[in-house]
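**Q** Please build the complex by placing chain W on the supplied structure of chain S, with the hints as guidance.
As a plain string of letters, each chain reads:
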Amino acid sequence: MGVRCVELPGIGTKYELETEKGDRVAIIFLPSRHFQLYVQQKGSAAPSAAEISPSEARRLGSLLSGAIIEAEKEAVEIAFSALADLRIRVHTYLIRGNLAGKSIADLQVRTRTGATIVAVSRKGQNTVSPAPSFTFYEGDIAVVIGETEQLQEFERKVLES
Amino acid sequence: MEEIALALACCLALAFISKRWSLPAIPFYILAGVALGESGFGLVPADEFTAYLSYLGLIFLLFYVGLEIRPKSLLRQGTPLLISGVIDLNVNFLLAFVGALALGFSLPDALVIGAALYVSSSAIAVASLVENRKLLLPESETIVWLMVIEDVILILLLSLFTAGGENPLAMLATIAVVAIVLFAAVRAGKPFLRSLLTRDDEIPVLFTFTAVVSTLYISKLLKIPEALVAILLGASLASTGAPLLERLSQPFRDVFLVLFFVFFGITVDFSGTSSLVPIVAMTVVAIGSKILTGLLVGRILHGSYAAGMEIGSTIIARGEFSIAFAAIYGSGAISALLAAVVIITSLTGSFTARFSDRLKGFLPTARAAGTEP
Chain S
86 MGVRCVELPG IGTKYELETE KGDRVAIIFL PSRHFQLYVQ QKGSAAPSAA EISPSEARRL
146 GSLLSGAIIE AEKEAVEIAF SALADLRIRV HTYLIRGNLA GKSIADLQVR TRTGATIVAV
206 SRKGQNTVSP APSFTFYEGD IAVVIGETEQ LQEFERKVLE S
Chain W
37 MEEIALALAC CLALAFISKR WSLPAIPFYI LAGVALGESG FGLVPADEFT AYLSYLGLIF
97 LLFYVGLEIR PKSLLRQGTP LLISGVIDLN VNFLLAFVGA LALGFSLPDA LVIGAALYVS
157 SSAIAVASLV ENRKLLLPES ETIVWLMVIE DVILILLLSL FTAGGENPLA MLATIAVVAI
217 VLFAAVRAGK PFLRSLLTRD DEIPVLFTFT AVVSTLYISK LLKIPEALVA ILLGASLAST
277 GAPLLERLSQ PFRDVFLVLF FVFFGITVDF SGTSSLVPIV AMTVVAIGSK ILTGLLVGRI
337 LHGSYAAGME IGSTIIARGE FSIAFAAIYG SGAISALLAA VVIITSLTGS FTARFSDRLK
397 GFLPTARAAG TEP
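Those protein sequences? They're chains S and W, same order as listed.
First residue of the first sequence? That's 86 in my numbering, and the numbers climb one at a time after it.
First residue of the second sequence? That's 37 in my numbering, and the numbers climb one at a time after it.
Okay, chain S solo, but in the shape it has when bound:
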């Protein structure tokens, strides 16, 4: 069954879906850019609702939209339909004290493991495509991209060095 789009003047837009099994799911776009997500079980009298922020919606959206994305703990595997055997994993790692004060160039991440550090998150501040001179602090979260073997090398050689 299709998604029903309803305009609610003064509120926003409601997208409603009745699933094959008879449950109902609805998403309402509010003017505050927040969303309300409703789920009503078949046969149940009252629906349940959650109010989600734009960033939460993006996370849920990427979870729901992925036949080609598998989420596993802090890792995501991406496959492209046009590139058959290409499987890229993106993994987040917590940087501990042993790496504090060392830069990406010092650690020679790409040379030694083949993986690439795409972004580092420090106390909520994100640095995307960090320069080789970027120095780690303890508590940073590094986003590393590569094939499974390359990430394993990263974990073995860099993280635990």
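Misleading hints may appear alongside valid ones.
[To be verified] Have a look at the derived ranges for each label pair, beta carbon to beta carbon:
id	chain 1	residue 1	chain 2	residue 2	range
1	S	S206	W	P107	32 to 38 angstroms
2	S	E92	W	L192	20 to 26 angstroms
3	W	L192	S	A142	36 to 42 angstroms
4	S	L179	W	F228	29 to 35 angstroms
5	W	V316	S	A130	32 to 38 angstroms
6	W	L257	S	L115	36 to 42 angstroms
7	W	I239	S	E92	26 to 32 angstroms
8	W	R112	S	E234	56 to 62 angstroms
9	S	V124	W	I119	27 to 33 angstroms
[Said to hold, decoys possible] Just a few of them, taken from the derived set where beta-carbon distance is under 7 angstroms, the chain W residues facing chain S:
id	residue
10	E104
11	L172
12	L328
Hint data in this document are derived by calculation from the structure and do not stem from the laboratory.
We put the CB at the ideal spot given by N, CA and C, even for glycine.
**A** Below, chain W without anything else, positioned relative to chain S:
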């Protein structure tokens, strides 16, 4: 007139408190005005400057109403919307009108009371639907569109009341001409207006403010009611991009509307009301008529009285439009009555909307049909 700062500071504090407790802010703003004005501590005088600012609140509100009307979407809703709109108008207007006559108000006063109490507060109804997370229910769609059609009927009522004044034909003709000019001008200048409104500098917001404020000037020049001009302006400009204009006018609307409620409270004169009987009676009528409307609409459109109770309990609150009617057409005696009914129904309404499920338990059919767990 510097005392406005005092009024606004009070409203700010009350806004915090009311939102904290999930209550509508409108009754608090009015009460702040009552406490600070003539009937209360007399701290804030009702001077011309404040009156002008508060009138801007009304104009911005009506401009917003014009923006939100969406005639094409309205027509798409079809007969069900028309049915609910007609029931809503008849039940509520008639009961309030008859009640006012019975209480001894004159015919013109009773007509104003009827119109003022017919309109529910769209703001409170919509806010309670979002907060109480009722948006999955089909009844919520009915409620939301009912609020829009009330806006349309509001325009008709305003026009009718205008026609009751001097030179009705001349005035209606002038209004029609203004409407045609506005719509034609916007249509012709649409690309220009769009580029104007999407600029990055101060021009969009300056344009919006100027346009809305000039309704006061135009209506003074042509001697037609400002309320109608404001709505017409909104309706005509809506085609250039209603969301954009809403965003540009919202800060002004929010601030001036608060002043509007406060000022109304300041000017309300409770000394004329000797007993509570009229207030209690009209409140009961006001609450009862909306519940009755809801039950009828729910039965006809959704097939159940339970749905009807859901609808009725959400639209009980009166607010911005009722006060608007009182401000434009009301005499001193009516203002006090309407202020009281608005305050009571808006607070009651927020509770009935939240606890509508408990209210459904009072329906005999609910129990008989076994929908109770």
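**Q** Hint by hint, note whether the structure agrees.
**A** Evaluated hints:
1. S:S206 x W:P107: 32 to 38 angstroms: violated (49 angstroms)
2. S:E92 x W:L192: 20 to 26 angstroms: Holds, at about 23 angstroms.
3. W:L192 x S:A142: 36 to 42 angstroms: holds (40 angstroms)
4. S:L179 x W:F228: 29 to 35 angstroms: Hint violated: Cβ distance 56 angstroms, outside 29 to 35 angstroms.
5. W:V316 x S:A130: 32 to 38 angstroms: holds (35 angstroms)
6. W:L257 x S:L115: 36 to 42 angstroms: holds (40 angstroms)
7. W:I239 x S:E92: 26 to 32 angstroms: holds (30 angstroms)
8. W:R112 x S:E234: 56 to 62 angstroms: holds (58 angstroms)
9. S:V124 x W:I119: 27 to 33 angstroms: holds (31 angstroms)
10. E104: holds (6 angstroms)
11. L172: holds (4 angstroms)
12. L328: Because about 24 angstroms separates L328 of chain W from the closest Cβ in chain S, which is outside the 7 angstroms limit, the hint is violated.
The earlier numbered hints that this structure contradicts are 1, 4, 12.
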